[in-house]
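Place chains B, L, Y and P on chain H using the hints.
One letter stands for each residue in the lines below.
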Amino acid sequence: MITLLEARNIGKRFGGLQALSDVSLTIRKGEVYGLIGPNGAGKTTFFNVLTGAYTPDGGEFVFNGAPLPSGKPHLVVAQGIARTFQNIRLFRELSALENVMAGHHIRTTANVWGILTQNKHTVEEERLTTERAYELLKYVGIERFATATAKNLSYGDQRRLEIARALATEPQLLALDEPAAGMNATETVQLKNLIEQIRGDGITVLLIEHDVKLVMGLCDRVAVLDFGRKIAEDVPAEVQKNDAVIGAYLGGGQKNAH
Amino acid sequence: MHTNPISPLLQLSAMKVAYGGIQAVKGIDLELYRGELVSLIGANGAGKTTTLNAIAGSLKIADGEIHYEGEKVHVLPAHKRLRRGIALVPEGRGIFTRLTVEENLRMGAYTRNDKAAIEQDLERVYTMLPRVKERLAQIAGTLSGGEQQMVAIGRALLSRPKLLLLDEPSMGLAPLVVEKIFEVVQSVAKEGVTILLVEQNANLALEFSQRAYVMESGKITLTGSGAELLTNPKVRAAYLGEAA
Amino acid sequence: MNELALAVPWLGKRNPLAARWLVIAIAIGAPIVAMMFGRTWVRVLDFALLYILLALGLNLVVGFAGLLDLGYIAFYAVGAYTAAFLASPHFDVHLPIWIVLPLAACFAATAGITLGFPVLRLRGDYLAIVTLGFGEIVRIFMNNLNYPINITNGPQGINSLDPIMLFGWDLSRNIQVTEDLAINSLFLYYYFFLACVVGSIIFIQRLQISRVGRAWAAMRDDELAAKAIGINTRNMKLLAFSLGATFGGVSGVLFGTFQGFVSPESFSLMESIAVLTMVVFGGMGNVAGAIVGAIILSALPEILRHLAVPVQNALFGHVLLDPEVLRMLLLSLAMILMMLLRPSGLIPANAKYSHIRYLKAKGVTE
Amino acid sequence: MEIFLQQIVNGLVVGSVYALVALGYTMVYGILGLINFAHGDLVMVGALTALQTMMFLMGVAPGMSPIAMLTLSLLVAIPVCMLLAFTMERLAYRPLRNAPRLAPLITAIGVSFLLQTLAMIIWGRNYHTFPQLISTTPLQPIEGVFITPIQITIIIVSALMMAGLVLLVTKTKLGRAMRATAENHRVAALMGVDTNMIIALTFVLGAALAAVAGVMFASNYGIAHYGMGFMPGLKAFTAAVLGGIGNLGGAMLGGIVLGLVESFGAGYIEHLTFGFLNSSYQDIFAFMILGLVLIFKPTGLLGERVSDRA
Amino acid sequence: MKQTVVALAIMGIGLSVAQAQEMVVKLGSVAPLTGTISHLGKDNENGARLAVEDANAKGITIGGKKVKFELMGEDDQADPRTGTTVAQRLVDAGVKGVVGHLNSGTTIPASRIYNQAGVPMISPSATNPTLTRQGYKAVFRTIANDVQQGGVLGKFIVGPLAAKTVAIIDDRTSYGQGLADETEKAVKAGGGKIVAREFTTDKATDFNAILTKIRGAKPDVIFFGGMDAQGGPMLRQLKQLGVEAKFVTGDGGCSPEMIKLAGDSIGANAYCSMAGLPLEKMPGGTEFRNRYKARFNADVQIYSPYAYDAATAMIKAMQAANSTEPAKYLPELKKSSFPGVTGTVAFDDLGDIKDGAITMYQFKAGTWAAM
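Residue numbers (the numbering used here), protein chains in the order written: chain H, 4 to 261; chain B, 4 to 247; chain L, 549 to 914; chain Y, 116 to 425; chain P, 1045 to 1415.
Bound conformation, chain H alone (with noise of 0.2 Å):
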């Protein structure tokens, strides 16, 4: 398996509080790698930190065998690493579909000048644009919203948008923050086989998630993190007999329920 994203000795400090220590961990190609532990374990600052938003204190990223630039989000999307927001974080007064338009930004070249003389490679552009963004549309199963302002959306449809709007930054590696968070049963069925279509086009997902029973269903390798550190990494059955893990979740330690 080809290595695609390795994180070497993360640290990040927030004043007194250690958020990630140490942390190092290794995604490969293809695979959907699960990110767990209790509220607050530093799950969504690996995230930051991963995607630029925060510089780590310590340790580096590689991503495809080259280090991975820090406290620079949009050349880390130039990379191919596209992020959702664990409290959905769309562009609330654009359209569904301006949404997906806005997030392949990255992988168009029109200029000032060619939009306002409206030359041939800006309009093909443009209409590739659009026409893409209404196939990711498609693609969650929100195509009827299309036109729909983002604010308007349903919950589960807004988590789907945002999904929708990160792929159309071309990822290599797709990062989910609490995808499943406030959905209902159904939904999160079918976020499951969302997530399982995405993988099965190539692309790798980065999961965090509460939902236990998504993440052991869903993932082929799974890290767990308590108190900033990384308890477990395994296959998902491994780690759901892992003793710490269980001690992290139920809470306590002491009380099993065996």
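Simulated from the structure, these hints should not be mistaken for lab results. Nothing false has been slipped in among the hints.
Here chain L is said to cover these stretches of chain Y; the calculated rule only asks that three of the stretch's residues, wherever they fall, bring their Cβ under 8 Å from a Cβ of chain L:
{"#": "1", "segment": "141-155"}
{"#": "2", "segment": "206-220"}
{"#": "3", "segment": "228-237"}
{"#": "4", "segment": "348-360"}
{"#": "5", "segment": "387-398"}
{"#": "6", "segment": "404-412"}
Computed from a prediction, not measured in an experiment: that's the story for all the values here. For every residue, glycine included, the Cβ atom is placed at its ideal position computed from N, Cα and C.
Relative to the frame of chain H, chains B, L, Y and P by itself:
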């Protein structure tokens, strides 16, 4: 006011809450009797926090009713519900980070004017939470998570609540600290304060609770005594994804 | 144009095509109707068009890119002074408008970037106060750069700017068509300004429906998410500042040459606030809003000026309040009430950032 | 040397007034995130109301002592401004609390125009002479450094008012509630705080400070006019941002710094720039300093990192 | 034309129907009636109004018809753009002459419109020399321009006041700066030394910083080019800073308002200049002051006598030409020569007031006394 001891202290009937176009709570019924410690457990996003916020008055309900001491309280603003004895320790603790620890605690007594009694209550909180006492003059934002949680609980107690709503007091805390906090919660319960506890740490919550409700996707799907639920395979399934 | 047509009350939604023709008819016919009431009204329309240009440019910065700029009038000043330097007896340079206009646009754009760079990290209200300061700094420099070297002629201003010459036509002179019929210079300016406005609308709508417009809107709605999808927010902000400034600069040139006189008094903070008010009043983030806001707020004071005395006479039999007092009173009340009743402005933003026509084949319609 | 000291005195006097007005801006901003553009005009209303009261008092009780007259006129001006601020908040700002961000700003500008116009109707266009009830005969504590009793009063009264406000905000229950509300409306309400009341109170307190500032400003310069609030308002706002808007200490520091910068700027810029710049640039020092501070410290001198306010 | 009348009626303009044999002649008056110098603006308007009312009271007949003059007062907000709009409005309304504007900055762009329409314009207060050097035939002023006034002021400072060292302050308005520059030139020409050149604005109230700096330069005379609203407080602050230099200002500060605003800080070391002869010395000067007070319940500020003379000049020219048509009475206006409230009103070729006699005043016994 003399109320019938058998009637519930708090009663939610068909309560619905929606915000930002999402219906987060889809019509739930829940009862709480005086002196009980009841927990509300469920996965992230199930609607637990929303429920607590609706009871405390931070969120408007879309439909249904909230009765408290036999009175419809869902029409009242949050600050009036506090005056009637409903206190919420919000998720993420809601500490005033720019105020000192003591100021935070005194904010809890904002609605009270009985100075002497407030001082007494402060002393009681200090004995209950000795670590807080050491840091009275410190800016609350510089406290550790556990200490902040202690302050948040202490602050809520200073309003002399009849009903205390606790939203994930263990979130992001080390096991030892969580243990401490639950000791505090228990001692509060022993003093006769009715507690509704929202918790992810299901084992812990169920161990301490007399009863519990399990929420899933905005609905209550299970209810029973703490011990019953602790051994219920469905609960484990909800958390660890084991086949039910 | 579509947005504007849709904004036409009643008709807009029922028959957009008719509404569009109506808008065109109004744009072309307005000065002729106005002339029946007197040349003042044509002049008011001329200025309204200049304000539309300004409002369109500011809307680009505030409405599209979400950057609150309270010093926008500085770019207007840059444009006007460029015209004064390059086409007046002041330095005895007399360049034609075709050279002055692009140069002014360049200077203004440069000024925009100069302002943009240091304020990139600022957000919201901090940005507002720093841009306000920038506007004042520019005005104060214009007011004082007559010493030690006389560049701007200080508070005296620069007089006798060259009129606009279009293909040998002098816009400042009436055209004598026949013995009795002359086309007033105000009309010539009107149509020239109108052409500039139409050109700007086309440009802005092209920008709006492009990767740039979407990037701005994305940045405005959620800067963090915009970064997360790979938008270089720094460059996009600078682009917004410089393009917005360009509009300011161009309208400054038009203003200077139209007035024939430029002095720092015209570029006070109140003007910046006036233009911002137009944008917000009309409805931020959409072209139609900026246009309607600019028309209403630049014409309203004149209408009030006109009606103050007769209306009071009719109502009370005598003049209770001086017309200028009444005008200020009504204007301030209009601002307050408008915001209370329609906080999103007269025409709430309904901007489009994509062409649905590309999806016609897929059966997608509005 | 005495010129240097004199400039410090000049700067302190102006700075004290800026600081007092800046407090009002910063308090309202801290609690609502609103730039209350009309705050400067409250300064004007304060001064003109006091003037009106003095005129009335001079008519009915010509022999009254100046201090009593000043006090009485303040006792009228302060409540008038407070009431005005309360009305303003209730009618113009509260309905817009959840409106798009710029709507309240435009409303505030409208309110500012409205106040000026009403003042013009009531008090006319003329500049009014403001009775200088406190002596303006200069004292010379140091040879060549002049300071008048009214200037001393301004510095002392400003210092006292600021100290009073700081005490109120830091030491009292009400102040705690204000700070708590500023930090988090929702949680403050959970503590039983009537946040609407606290917000109204913040406006009202700021208005009281503005009224006092107006009376002192007018007494110092002996002049009052319906447009007098605009420039001090703008400067005070700049001072508030300079210090870190939303922060009381910042507003005071910003006010004083701005006063001193203007004073020294006008006094020394010509030498510093070899005659290229001169005192005609006095008004831009404020903005240049502001720009520089914000470039290096985007939250102002004492400001904290504010979270995303979208 | 019919539509126009209907339209005008709709817009609320009641076309005043003249009584038989009575002809209504409109004159315009423009000045800022809102904003920081609106008190001066209203003063100008009042001056013109008084002239019009006087003429109506006299019952003037022109071309065989009894004439009723009407004054259209407009607000130009001291804003150049509004100035042109208002100018156009007056032209549209068919005014036969305009008294205004107040500021040079608004007067210059507006003068172009009056000139195009052939409507005579007389500014009672715009002093920028440029105004009358644009080659416009119908543009006049009844006030001395900066060069005229500055020359006199400069000579006065180095002559009678015998100043060796002078500090000059201006308010960075077109008026203040123009006057200060001309005064500076004249002082230098007279052998005086400029020891400080300082600046403020027309919105400022605190001048301590620049006055402190000036104090350090120890000038014999401080000259201020600006208006009374700044001049008054400036005098107070000079006293508070212990500066004892003489204080000289131009007509912008030569007002009762200045005395009021300076309170007890004004003394015999304060001087100002004003074009024309002192009101007291003019036949009808004191009378003007009293009548103004009686009519408007306000004191004369600065320029209302000039506005009065401007309006009177137009009316007299119309009488002389026996026509109210601008084209006909313009030549008579050029030839004007009559004793006005401010002195003899006569214009030179450019349209400036001829031999603008400029009187220096000193503060004495609570008022400005001519020297």
